[in-house]
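Asker: The numbering of the sequence shown is the working numbering, which starts it at 2 and goes up by one.
Honestly, the hints are just simulated from the structure, not real lab data.
In this text, all values refer to a predicted model and were calculated from it rather than measured experimentally.
Treat the hints with care, since some could be wrong.
What the hints assert, rightly or not - Pairs of lysine-lysine residues, derived as DSBU-like cross-links and limited to a Cα-Cα distance of at most 30 Å, are as follows:
{"hint": "1", "residue 1": "K105", "residue 2": "K75"}
{"hint": "2", "residue 1": "K260", "residue 2": "K72"}
{"hint": "3", "residue 1": "K193", "residue 2": "K18"}
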Amino acid sequence: MSQNTPLPSVLLIGCGKMGGAMLEGWLEHGLKPSVVLDRHEHTLPAPHIHARSLAEIAPDFTPDIIILAVKPQKANDILAELAQHYPQATLLSVMAGRTIESLKAQFTAAIPGANPTIIRAMPNTPCAIGAGITGLYAPPQATEQQKQNCDRLIRSVGETVWVETEHLIDAVTAVSGSGPAYAFLLAELMEKAGVEQGLPQEQARKLARHTVYGAGALLEQSDLDSAELRTRVTSPGGTTAAALAVLMAPEAWPTTVPKAIAAAAQRAQELSS
C-alpha cells in the first residue's frame, strides 16, 4: 500500500483504550475524513471530527467501515440507532464475546430487513505503535472487497491473522487480545524481583522492560521456534536453567499459563450470552 493512499474512512464508535490505540495508528498512516463517536471529548486533526451522537453526523456522513469499539454490555442501544442510519453498513466489531448473530439480531430488531455485513476482530493495544496483532473472522456473506478494506485498515497498525470459524475469536482474545497484560505482568514481577535482589528500582525497571522488549523483537525476527530460542540461551547447570527449573515446574507456568488463557476464553464466551 502506498503511504500516499489514504485508509478507508471510518466511523469509530468508542474511543477508549482499544479504540484509541487503533485511532492513534490510523492517524499516523492517513485516514479519509472520519468521525469518532464518543461521549468523552477528543481533539482530532482536520478533517476528522468528534461527535457525541449519530444525529450530529448522519445522514451527511457515510463511512466505508463502522468500527464498534464500545464495551460489549453497552452495544445494544448504539446498534439500534446504527440500524436506522446505516442498515446496509460494513461493521467491524472489536468487542470481545459479542457474536455476529447477536449483533445482527439487534439490527434487524430495530429495522426489519436491515442487512449489515459484520466482521469480527480482536486487536491489542500495541496497535498504537504499529506493533499490534489482530485476529479477524468474516462470515461467508462478506465480499472480498469488504475483507480487504478491513484487512488494510488493521494492517496499518500491525499484523493480521484470519481465522476460519467465529468461535476461534475467543481463543484470539485470550492469547493476543489480553496477551499484552501478561507481558506487562512479567516485566512488573521481574522489576520487583530485581529490587529484592538489591538493584535500584530505576535500574531494575530498565533491565526488566528492555529484556521483555528485546526478547519479543528477537522472537519476531527469528525463524526459530520459541522453544528452540529458549533452549539456546539455557546452558546446562547455568543460571537460566536454575530459573527455568522453577518456572517450568509442573505446578508453575506449564499449568498456570494454560489456565489463565482458558479463563480469558471462558470470559469471552460468557460475554456473548
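Asker: Broken hints, numbered, in rising order?
Answerer: none
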